[in-house]
Each structure stands twice: as structure tokens, then as C-alpha cells.
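If you read the sequences in order, they're chains R and F. Going from the first sequence to the numbering used here is simple: count from 1 and add 20. Going from the second sequence to the numbering used here is simple: count from 1 and add 27.
Rather than coming from a laboratory, the hints here were simulated on the basis of the structure. Note that this is a predicted model, so its numbers are computed, not measured. It cannot be assumed that every hint is accurate.
Claimed, not checked - Using 30 Å as the maximum straight-line C-alpha spacing, the simulated BS3-like pairs for lysine-lysine come out as follows:
| # | chain 1 | residue 1 | chain 2 | residue 2 |
| --- | --- | --- | --- | --- |
| 1 | R | Lys-107 | R | Lys-41 |
| 2 | F | Lys-89 | R | Lys-196 |
| 3 | R | Lys-40 | F | Lys-179 |
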Amino acid sequence: MKTVAFNLMPYKDLPADFEKKYDSVWVSIPRTLYDPRKGHEYYHDYLDALETAVDLGYDAVGVNEHHSNGYGLMPSPNLMASILSRKVRHSDTTSLVVLGNSLALYNPPIRVAEEMAMLDVLSAGKFIAGFPVGTSMDTNYVYGINPSEMRERYYEAHDLVMKAWTTDEVFTWNGKYNQLRYVNTWPRTAQRPHPPVWIPGGGSVETYDFSLLNDYSFSYLSFFGHKYAKKVMGPFWDRADALGKDRNPYRAGYAQFICVSETDAQAQIDYEEHVKYFFAKCMHIDPRFFEAPGYRTVASLRAGLRSQLDGTAKVGKAILDEGFGWKELVESGYIIAGSPETVREQIIEAARELHVGNLIWLFHCGSMPQHLTLKNLHLFAEGVLPHIRNLWPEWDHRPFWPSGFGDSTPDARRSAA
Amino acid sequence: MAQPTTHTYQVNARLAFDTLEAGRGEPLLFLHGAGGLAWDPFLDALAERRRVIAPFLPGTSKSNDISQVRDLWDLVLCYHDLLDALRIDRADVVGHSMGGMIACEVAACDPSRVGRLIAIAPAGLFDINDPMPDIFAMRSAELAERVLVDPKSPLAEMLGAMPDDVDEQVEVLIQRLSTLNAAAKFLWPIPDKGLIRRLPRIKASTLIVWGRQDGLIPVGYGETFRSLIPNARLKVLDQASHLVQLERMPDVLELTWAALAGPAGEAP
């Protein structure tokens, strides 16, 4: 298994009464709550932590994109990734993941082709390109993209970026949303024909199929852990079977909060307050912004509605609303926490259950101070990482991971084996 | 209440319109708002004197597919194609909310095609100093409070009634959501798509009706419509919100009949 040390970069000092006093951590979060001096400190602490992860030999470091969001302070993850590339380029083990750029938000989308090519060149071909469809909060409410156009814009931007990466002649693009007379993206990517592509997403069949048919790796990004992820990864692998794709676990990843301490009891002492901060404040999202009309198709609405109406669907946020403690968070799998032994056993069990090769490890949670972040990174590297690396010895990760300068087609990656 | 019949018109190579129709006499088009099309007492009363033709917005009924309509410009042309399919040279049109916006767009696009226009609390403008609330980030309870002066009235109960059966509930909600999905395509993120520049093109004799307590589209927008449409009159009714045609039905009907009795193309 491959471990991506992944950081959302939350704001750590939201007021104690935040979730009572304000409507939402996202879209409408009051701007006055942001203190730039603290923001300065966070950015550099978070970057220090990610650089430490490179030193400790994690398989990748990862960042992502959010807008008007109190738990994700990276409107531009590429800025952060460019800083990290300075360290990644010297590493033998660590790749750089931007998970990712919401394609529908870039105008024109060749901006993504350009910036990601820069990151690929900067990192010496160790870059992984993430293309999320995007949440309704970021895409529709903050960036104003019409929900009825969102997927179309996403697919068109994807096709344009891929063509820009794989075409060595100047070409013309006549799309519905983008018309460009001269597409000629400089720089070229370091990996040829392009960096590996990962698709972070939620539970939509369209996204499973898109990932599988293109041989991209699908990453299920939720904050609700491995038990919840089963609802998505089961159907994902069913689609893989239906589409005749192999069950290479590196076709998939999932996100998980994991907190390591000396003992299980110490983990609670260390992390409880900070984990609760995340679930109480960072998951305090105004439901009016959950889903713009048209974000989901009528067909998938129909599928979801019935279980909402008859009361069988009570998951994720709804469970949190009923109150939760450390015990519940651990038992329901929202977090994996404890001694290195406890943690690695649970990770292995979860990864086998979900059949995933890429662990998107959320190593920082909520209000965790820097010393705990570093403790978590060190204890995981010493006591967990070596035990989970060889979880899938029979499977080849290379079709979905960076290859450095030169030919990186899945076939070329395989034949280089 | 009259039982409307359903009809389907293939208006061009890509799109079919479904309609609800009832009544006899001269045709009268009714374009519904973002709440969707339901055969309500107002339509029923209109059908006592006219042949009411109420098309479903594309994407909100079985025959048509919203993805076949590219944008607002395309939508407006599809409504012109519908007039052709109905063989109506010059239409009388009643439009509510988003339907009022579409009616204004159709009338501005080809002013010869709309003779009389009754726009009830039409969408299509946005005043940054008097902004309408975000209908796409609103809970259903809040919406109900905003569109009616009295959200506890029998009318509110009638509008909010839900079937007991879960399957039927799913269908009601799907209908609401798909209507909102389709509406968002043309109104996202705010409904100003340049109509203010086109309003002066309208030649139809135009009646604008507004509820003084409209909680969705502020009553002040009515004066902007009136001042920019050459042959327009504005009537503001008290004790009414956004569903003014139901809240003050006898008065709106009286105004409507008077407007439809006047000569087309002159101020009513």
C-alpha cells in the first residue's frame, strides 16, 4: 500500500462558539474570523509538516483545493505544491499529489495543463494530477458555475487538458465552453505523455466509470472513514468487474483520519480535542449549500431520495448531529486512532475490506498543534508505514504512480518492471 | 375543477413540449414559475373563458430533455417554435415569476409574436441595492414563508400538502427538484441575464402584477419593468406575496380579463 500524507490545512482557531454563532464553515464563513498573522503561521507550519513527511519517506505528500472554506485554506493548491516540489525533487521515495484542480473553475482550463506541467517539471516527473468534479459549495455557490453546466464543463476541460498534454502540434479547440485558436502548452510535462491522473470524488457512478474507463485512480475523499467508505468502494469494484478492468488496488484510494500515539489511551488524551474541533466546527456546513439544483442528475436524486424519506439513510453528518464522543468516532471508523499496533491492524483490515492501494492519510485533524502533527508523522513513519507497505505484493502500483522524466504510459510503466 | 388534458408538441428536431390544456376560445399561454406547473384554481378560472395552454418548462415533464436546450437564447427560440407548432401568430401570454421572465424574453425577441402580456411578479432583473434572496440556497420552509403572506393559510396547506405514500412523496419531490434543476439552468446564480436591455423592445400591451409583500422578488422591481416596457401598466396588490395570483385571485383575474379585453399592442 502507498501512503499519501495529506493536509487540508484547516483554520485552527475558530471561536469556541463558532458552530452556535455562525451558519457555516464554508461559503458564508465570516471573513473577519481570519487572522492573517495566524494564517501565516499555519501555512508555514503545514508546509514544514509536509516537508517532514518527505524526509520521513512517505510515498507522497498531498494538497487540495477549496474556496471560502474554514477547514481548507488552499484556494490554490498549486502554490503550495510548487513550494513542496523543491523538496520532493530530491527525494527517492516521495511523489507530489495535487488532489486536485477543479477543472470547471479554470478559465481557460489550459491554465491547469500549464501549472500542472510546471509542477511536473519542478518535481522531476514525480507529480500526480488530481481532477475533481468539485463540490457544490466550491463550484456552484462560491465560483458561480451553473450546476447544469458543471459536468459538461468538467469533461470538456478534461479533454482539453489531456489533448494539450498529449499533442505536440499547435491545435485549435472549438468547444462549447472554450474556444481557443492556438493551444500550445509550454512547458511540456516531464512525464510522457502526461502525469498519472487521480480522480477524487464522492459516490457517483459516472465518476467510477470515468476513472475506470480512462485507467485513472479513483480516490474516495470523505471524512467519515473506512466503514462509511464501504458504501462507495463496494459499488466501485462492482463497476470495475462490469467494465472488465482488473482489481488492481492502486486503482483506488480513500481518505482517513489517523492519529497515532504511544498507546490507545494516550491517543485519546493527545487528539480528542482536536478531532472534535474538526467534526464540530469544520463539518458545520449550512445545508442550504450542500447541493445546488442540478448538481446531481434526476436519476441519482431519485436513488438517494427514497432512503432519505423512509429513514434508512442516516450517515455521515446526521450521525454527528446526534452527538458523538471519542469512542463513537473510533468505533464508527471516522478516525483510526491508537498505538502504532492498533492503528496498523485497523488500516490493514480497512484496506483489505475496501480493496484500496492508496491511503490518503489525513495526518492533521482540526486544531492539532504543530508538535502533535509532527508526533503523528514520526510515530506513523516508524511504527505503521513499514508494516503496511507490502500489503499488496502481487499488484503493480506503477500504472497509477509517477515515473520521473520520460515515458510513463501504463504499458511503459509495466514493461519497465 | 376542470380536468386538463395533456398534449405533446414536437417543436423542432431536438425538443418536444408537454402542455396542460383546458377551456375553449382564443388561446392563452400560461408560463409557470420555478415552483413548477400544477393545474391550480387560477388556471382553472382562466380556462372558463379561454383555451389555456400551459407548457412545462423543458426538463420538467416526461417528453423533454433539458440537455437539449443549450442556454437562455436557445430556450427563447424553442418557445417561438412552440408558438409555430401551436399555429399562433400573435399570442396572449400570462407568465408567473420565471415564466414571466420567459414571456418577456419571447416578447422582446420578436415583438410581433406577443399581443398581450400579463407578467405576474416576473423574474429576470437583479438590483444590487435591493437584492432578491437566493432561491437556490433556501430551505423549503423558508421558501414557503417567502412566497405567501400567510404561510398558515388554507392556500399554504393546499400547496404544501404531501401524499402519505413514500413512493408518491418521491415523485412529488422529484418533480419539484427537476423543476428547480431546470430553472437553475437559466437563473443561476442570479436571474439577470440582460433582460433589462431588451425590455424596451416589447410591443405587447403589458400588465405587470405584483404582491406588495413579495418576499422573493421585491415589489420595487415592478416599477423597473413598467418604466422600461413601452406599453405597460403596473398593478401592486396589498396583502399578497409572490403567489399573488392565488392569494388575490379574484382581483388578479379581474385585472387579467380587463387586460385581455383591451387592444393588443397598446397600454392596457
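Here is what the structure says about each hint:
At roughly 41 Å between alpha-carbon atoms, Lys-107 of chain R and Lys-41 of chain R are farther apart than 30 Å, so this suggested pair is violated. In summary, the hint linking Lys-89 of chain F to Lys-196 of chain R is supported, as the alpha carbons are separated by about 26 Å, within the 30 Å threshold. Taking the CA atoms of Lys-40 of chain R and Lys-179 of chain F, the gap is about 29 Å. The hint holds against a cut of 30 Å.
Checked against the numbered hints above, the structure breaks only hint 1 and satisfies the rest.
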